[in-house]
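Going down the list, the protein sequences come from chains A and B. Per my numbering, the first sequence starts with residue 122, numbered consecutively. Per my numbering, the second sequence starts with residue 8, numbered consecutively.
No lab work stands behind these hints, which were simulated from the structure alone. No false leads were mixed into what you were given.
Footprint (simulated), chain B over chain A, 3 or more residues, beta carbon under 8 Å:
| id | segment |
| --- | --- |
| 1 | 138-147 |
| 2 | 160-170 |
| 3 | 173-187 |
| 4 | 278-285 |
SDA-like cross-link-like pairs, simulated, lysine to any residue; straight-line CA separation at most 25 Å:
| id | chain 1 | residue 1 | chain 2 | residue 2 |
| --- | --- | --- | --- | --- |
| 5 | A | Lys293 | B | Thr179 |
| 6 | A | Lys168 | B | Leu257 |
| 7 | A | Lys168 | B | His252 |
| 8 | A | Lys293 | B | Glu189 |
| 9 | A | Lys168 | B | Ala254 |
| 10 | A | Lys168 | B | Arg265 |
| 11 | A | Lys181 | B | Arg183 |
| 12 | A | Lys223 | B | Ser259 |
Computed spacing ranges between beta-carbons, pair by pair:
| id | chain 1 | residue 1 | chain 2 | residue 2 | range |
| --- | --- | --- | --- | --- | --- |
| 13 | A | Gly147 | B | Pro91 | 23 to 33 Å |
| 14 | A | Trp136 | B | Arg343 | 53 to 63 Å |
| 15 | A | Glu295 | B | Leu208 | 37 to 47 Å |
| 16 | A | Val144 | B | Trp268 | 19 to 29 Å |
| 17 | A | Thr276 | B | Leu198 | 36 to 46 Å |
| 18 | B | Asp315 | A | Gly147 | 50 to 60 Å |
| 19 | B | Ala36 | A | Ala151 | 15 to 25 Å |
Backbone N, C-alpha and C define an ideal beta-carbon position, used for all residues, glycine too.
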Amino acid sequence: MNALSTTRPTQPQGWRAWLGQIVLYGLFAAAIGTFAQWPPYRHLEPKQALIKLSFTRVGKPVGDCRPLTAAEAAKLQPNMRPTSVCPRERSPLVVQVALNGKPLVDRLVPPTGLARDGAASIYERIVVPAGEQRVAVRLSDDVRARDRPFQREATVTLAPGQVLVIDFDAGKGEIVLQ
Amino acid sequence: VSAAHDAGNHGRRGLRPAALAAWRAAENALDALVTPAANPLRHLGAIGFFAFWLLAASGIVLFALIDTSVAGAWRSIQALEEAPLALGRLLRGLHRYSADLLVLALVAHILREWVHGHESGVHRFAWLTGVPLAALVFALGIGGFWLNWDALGAFSASATAEWIDAIPWLGTSLTRNFLGTEAVSDRLFSLLIFVHLGLPLLMLFVLWFHIQRLTRATVWPPRRLALLTAGALAAAALAWPVLSHPAAALASVPEALRWDWMLLAIHPLTYATSPAWGWVLVVGTLVLLFALPFFPRRVVRAPAAVVDPAHCNGCQRCFVDCPYAAITMVPHPNQRIGRTLAVVDPDLCAACGICAGACPTSTPFRRAEKTLVTGIDMPERPIAALRERLRQGLAALKARDAGSVPLVLFACERGAQPGGVRAGGDVLRVDLLCAGQLPPSFIEYALRDGAGGVLVAACREGGCEFRHGESIAMQRLTGQREPHLRARAAQGDRVALVFAGAGDAQAIETTLERLRTAVARAPLVPEESPA
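Next comes chain A alone, as it looks inside the complex:
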């Protein structure tokens, strides 16, 4: 190896190098340890609660089933003729939520799918004051019977930070508050 005269920019040597490295990497450790945990994140104010409204439901068909007409039946093979035909499209959901009589949500939720035959989904997160609240929920899934929605009205006492979930229990066929 050639003993070449080599000049480098001023660099710390010996203990100075170690001191600089300890200072720099010590500061790095402190920074990473601090900002990985601080400042704390407060999602809600101290006296707030959260309502999560979540419905996913396949609405009723938009129309009634009807018998196949003779002309329609004639176009089909005998073994392919259904007794009745039903519209594929599903009803959009009408969702209304009121808190203490004041409307919070009033949405028409369309069904998914190109043929509009999928489930309609709604998710809303509503920050409300903690304490006693009168919650009224209406859900209609049938365009032919908008005057007969599912309904639920209850008085709930929400603790600070509490999450109230408004959902639909398809098994029981009712709106649930949990």
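Given chain A, put chain B in place with the hints provided.
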């Protein structure tokens, strides 16, 4: 010395040159504090890799120790906190803080490459393959919080699901999976763990692409830097331990969460604005990063290296030294068995000239042909032109003052620009595309042609625009790499090497002065050139 000549940005104005100047100042300042070997700004890619290795190692151990069920995950990690000798805290802290380090290294690495203009040209491939890594790092980091299934993990999982649900064409609601504690099943949890194990494998695959076009990619930092980084993370893990929040309870939102702002900033941002804005920010940033290489720039790309088959003997030195894997060896068209020929891919060539410096035919002593033709050369600055510049320059200096002993400065044009040298005097400056372009035989040639001493000025260690130019030059001059400087030529303090990046003009001036003094003390005995 005129500082105005030593800008390093060649007088350009705008945001990027200003950012580059600031970046170099920061690099130089940290060099002076901790030495270049321990300077994190000079090893950001390697630090990113190191963080990934630490994450993988600590993650494998964690995976062996934790219970991967909804009910057992939090309990098993809680038990780790109580492990003797704080080993559990060390393990957990290393895992988390390595993830934070990866984010910091990633952001700094992107910034560094941008200020150096590395989003286009030969760097375009690495840039484009690097952008998906940014998305993967955050996806991996955020998903890691969920596996603990404490209040923070549950909040992050729920927030992420809400954010994804904001995409209008998604039919199924992810949020419903996190509406209540009973909604989270072991099956879902297994899926989350599977994703957390699968994403690093995908990342490794993309990383492999990311460094495909780099020769000797640094996937491990210098030992001292690795020790310091690991030590800092371990110290942070013990001094600021990563502790669990209470077990997940989706029926409530915790009053305050100890927040990791490096990994989880997207949640507060989304809640402070809206999910749509969150998407605009993330997708917009990714699209911008992808689009940057395609923005028109006024930078003219230098012509690629050219191979002369008649002079290429297939020695492979250029193939080994090329920092961007632009050279491949193919069977030589002269049909001689075993003979190979270097072939340059112009799309990959950065036009650094390191290959020309490596070529054994790049010796100025050759007299057989009128014009010096080398096996591989740079059209922008051929070896023959360098020899002519050297010959004529030395002749002119000697003609001006017959009694003077001129010095030759071979300098990387991207390094320091000493104004005093430009003004003239006893120094002949020969600009190189990179210090690695200099064939060591040129030094001997200069000394035999009347130069009193030779100074080679390379960029700072770790600061070469072409990745390895300064280290390759040093290895050749110190005899550790072929072609090497003959030991006899390096004797007598007549040859010196200085590492001087932009802003280090004074270092060149000082070294030249030292060389001048050495030459004056021991005048050169003229030696006949070899035939």
